[in-house]
Amino acid sequence: MSAAIEETFSGTGRQSVTLPLAGIWRNGLLAAGTWLLASALTYGLPDVITWGATGPFAAVTLVGALIFLALSVTVHRLGSTGRTLVHYGPWFIVLGLWLAAWEVLTAKLGWLPKPFFSPPEGLLHVYMTDWDRLLICIAYTGRLWGLGFFSGIFVGFAGGVALGWSKRFAYWGMPLLKLIGPVPASAWIPCTFFIFPSTFHASIFLVALASGIPVAILTAAGVSQVNRSFYDVARTLGADNRFLIFKVAIPAALPNVFVGIFMGLYYSFAVLVVAEMLGAKFGLGWYLQFNTAYSAYANVYAALIIMALICAGLVRLLFVARDRLLGWQKGIL
Amino acid sequence: MSVAFAEASVAGSIALDFEGVSHRYDLDDKTLEVLDNVSLAIEPGEFVALLGPSGCGKSTLLRLAAGLEAPTAGSVSEDGQPILGPNPDRILVFQDATLFPWRTVRANVAIGLEARGLICEREYRIDEVLKLVKLDGFADFYPHQLSGGMAQRAALARALVNDPKLLLLDEPFGKLDSLTRLRMQKELLDLWKSAGFTALLVTHDVEEALLLADRVIVLSDRPASIVAELRVDQPHPRRRDDAKLIALRASLLETLGISHDV
Ligand SMILES: Nc1ncnc2c1ncn2[C@@H]1O[C@H](COP(=O)(O)OP(=O)(O)O)[C@@H](O)[C@H]1O
Ligand SMILES: [Mg+2]
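Residue numbers (the UniProt record's numbering), protein chains in the order written: chain A, 1 to 333; chain B, 1 to 262.
Chain B extracted, bound-state conformation:
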C-alpha cells in the first residue's frame, strides 16, 4: 500500500519555524492568552509530536502553522518565508473529521483537487488514497453513514490526496478504537516514510508520541510554552515494550506531572 503511494507521490517536505510566537483570543470582555513565546524549529521531513494538557493551545498552534490565523506576536515561517495564509502544501487534519455532510466520501476527498482545478489530471489519486485508508468500498457513502473512525480516515484521505509537504494532525486518532488506532499509526508512519512530508502531530497519548515521532515537545498549561523537549532516536519499527521507550515514557509522564505507577 505504501508502494502505491510512493509511486504516485510528488510530495516534498518543508521546514517549519515558530519564532517567539504568542497568541491571544479577544473575547467580548477579556482576552485569552493561549500561546506564550513558543519557539520551535522543525526540519524538513521531521516528525514532531506535541503533547500537552487539554485546552493549552495545541490546536491553536496548528491553526497558526496552517495559516488560518496570524499570531499576535512572533512569526511562523515555512522554509524561511513567513506564512501569510492557508496553502494546500500545508494541510491540517482537524480534530473533528468535519466532512461536508452534503458530499459523499469521494466528493469530500475531491475537495482539495476541485478547489485547485486539478480534478481532471489527478482524479486517480482519489481512488489511491481511499484504498490507502481502507475506504475504497465506501466512496459513495455520505458522512452520516460512517462510523467515527471511518469519518476520521476519510478526513485523512482528504488531506493526503493533495500530497502535502507539511501534514498537521490534530489528535487524528483520538476517536478510533484501539485496534484501528494501532493500524492507523502504522499506516501514518509508512506514509510519512515513503512520502517524506514534514509531520506535526498533536496527541494526548504519550505512547503514540513515542512510537511515531522523532521529537516530542511538551507544552505547559495555558498559556502554553514549551516545558520539555525529547528526542527519540530508536529506529523504526519501534516496539512498545522497548526498554528505552519505557524509560522515556516514564520521564515524559513525570514532566506532565503524573507519577510512574499510573
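Here chain A stands alone, though its shape is the one from the complex:
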C-alpha cells in the first residue's frame, strides 16, 4: 500500500517524498535485499568455472546492499539527488536480481559457458587487472572522439546553414550530401589512407564524417523550412542578410540542429571501432577488436559497458545544453 503511494509520488518526481511511515524507502530496502542475495549466491555457491574475482564481486555487491540499506532511511534527507534515487528504486531492485541470476547462470551453473559469456565477476576481474590499459584507451579514444566529433559538427553545422540558405549551394551540395550520407565509414578507409598524412588524421576524418553528416542534413532541412514570414518581419524591421541568417534562420533551425547532433553523437560512437582499425595503438575501439581477436570476450564486454556509459553521459550533457538553449520550446512541444 505505502509502496503504491510512494510509486505515485516518485512518478511525478517533484512532490516532496516525506512519507508518514517514518520515512522508510521501501524500494531501497528491497534493493538492499536483492543485492545481498547476489552477494550471498556469489560467495556461497561453488564456482563451476573460475573467473578469478569471486571474493571481490561478493564484496562489491555486499557494499551495494549496505549502501541501499543506509539510503532506505536517509534518502528523504538528500533533496533532489534523493528524489532521483527514489525514482530509480525499481531499477535498483531489478539490477540486484539481474546480477544474481547472471552470476548463477554463468559462473555457478556453467549453463552459459566460457569464453562467450562472462559473469559479472569476470568483468570485475577485467577492471581489476586491466584498469591501467583501459584508462589509457579511454584517454586515446577521448582525444580521437573529441577532435572528430567537434570538428564534424562544426563543419556539418556551417555546411548545413549554407545548404539551407543558399539555393546555389543547395544545387551542388545536396546531391553530394545524399550520395555521401549512406556510404559506410569503412568504405572510406582506402582513400583516407591516401589523402591524409597519418592514420590518426584519417581516423579523425571518419569520426568527423559520421557526426557531421546528420548535423549537415538536419541543419539544412531546418534552415530551409523556416517560416517565410519571419524573414518578412525581420526585413521590414531593417534586417540585413547577416541578421536574417544569424538571428532568424539559425535560432529557428536550432531544434533541428540538436536532433542532428544527437544522431551524430550515436553515429560517432558506432564508427569508433572502424576508425581505430586504422593502425591505432590504443583506444576503446582498438581494445574491442584486439580482444575479440583473442576471444577475450570478458574484456570486450567490459569495454563495451564503459563505452555505453560514456555515451549515455554525453547524451545527458547534450540534453542539458539543449534545455538551456531551447527553453523557449517548453510550452510549444
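For the record, the hints were derived by calculation from the structure and aren't laboratory data.
Even glycine gets a Cβ: it sits at the ideal position worked out from N, Cα and C.
Possibly wrong hints are sitting among the right ones.
As the list claims (entries may be wrong) - Here are some chain A residues the structure puts well away from chain B; computed CB gaps all over 12 angstroms:
#1 Ala59
#2 Tyr297
#3 Ala312
To be verified - Here are some chain A residues the structure puts well away from chain B; computed CB gaps all over 10 angstroms:
#4 Pro90
#5 Phe92
#6 Asp132
#7 Val155
#8 Val233
#9 Met277
What the hints assert, rightly or not - In silico SDA-like cross-links for lysine to any residue, where the CA-CA straight-line distance does not exceed 25 angstroms:
#10 A:Lys330 - B:Asp89
#11 A:Lys247 - B:Leu179
#12 A:Lys330 - A:Gln225
#13 A:Lys167 - B:His144
#14 A:Lys247 - B:Ala139
#15 A:Lys167 - B:Thr72
#16 B:Lys186 - B:Pro101
#17 A:Lys247 - B:Leu248
#18 A:Lys247 - B:Asp136
#19 B:Lys175 - B:Pro101
#20 A:Lys167 - B:His204
#21 A:Lys247 - B:Glu187
#22 B:Lys134 - B:Lys186
#23 A:Lys247 - B:Arg106
#24 B:Lys175 - B:Glu187
#25 B:Lys186 - B:Leu248
#26 A:Lys247 - B:Leu245
#27 A:Lys247 - B:Thr255
#28 A:Lys330 - A:Ser224
#29 A:Lys330 - B:Glu187
#30 A:Lys247 - B:Pro101
#31 A:Lys167 - B:Arg106
#32 A:Lys330 - B:His144
Fit chain B with the ligands to the supplied structure of chain A, relying on the hints for placement.
Chain B with the ligands only, in chain A's frame:
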C-alpha cells in the same frame, strides 16, 4: 501615455503613392491576378482605411508598400521616390502577430533596433512602447505564454519602437476581443495624432474604418480595384452613434453589397 510617446517621438510622415499598380502571383500552372490598376495617393500624416472582401488583395497591397514585393506593373513611391525594398521607416504589422517564438516579448520588440544597430542609444524606447501597449509586465514572457490579443499588441510595439513614418496595419485588431479592440483603436488614434505618421489600415470592420480613418477606400473582389472612396470629415473623438457616421456606414455597406438592415 500619448504624452510619453510624444516626448520620445522623432517620427515624421511620408506621402505614399500607388500609380497604376497591378500585381499577379505566378503559381505552378497559372497566374493569379491580385491587383488591377490601383491608383491611390496618400498624403503625409493621413490615416487611410482599406476595406474589401477577404482574399481580394489587401495584404498584397500592404506588402508592396512595405517593399517586400515589387508590383508586376505600375509603381509605388514614397515622397516621390520609388520604393525598391523594405525600410524601417515603413513598417508592416502583419495579420498574424508572427512573433519570434525563441525571443521574449522584450527581445521581439528589440529586433528593429538590433537590426539597425540602435539598441544601445534607444533601448529605453522598448520600455516606453511596452508600457504603451500595456505589456510592461510581460516583457520576459515568451510568445507561447501570451494570449492572441497580447501577441498582437506585442507585434504593434515591435513596429512602434522604430518610430515609423508610415505604419501599415494588416487587420491588427482582428483577433482581439471587442473591449480590447475598442481600447486599442483609441490608443492607435492617440498615437497617430501625437506621432504624426502616415497610416494605412486594412480592416474588415466598417465601423472601425469610419471611427479611425480620414479616408476609406473600398476594394472590389480579386483582382482588386478601387470601387469607392469616401472622405470622413468628422473631428475626433468620433462617436459610434454619430448620425453622419451611421449614414456613411449605410452607404459603405451598400457599396460592399450588403443591405441596410444587417
Ligand atoms: N505569395 C503568394 N503566392 C501566391 N498567391 C498568393 C500569395 N499571397 C497571396 N496570394 C493570393 O492572392 C490573393 C490575395 O491575397 P491577400 O492579399 O492576402 O488578400 P487579403 O489580404 O485581401 O485577404 C489570395 O487569393 C491569395 O491566395
Ligand atoms: Mg489579408
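Query - Unmet hints by their number, sorted upward, for this structure - result: Of the numbered hints, 8, 10, 11, 13, 16, 17, 20, 21, 26, 27, 29, 31 do not hold.
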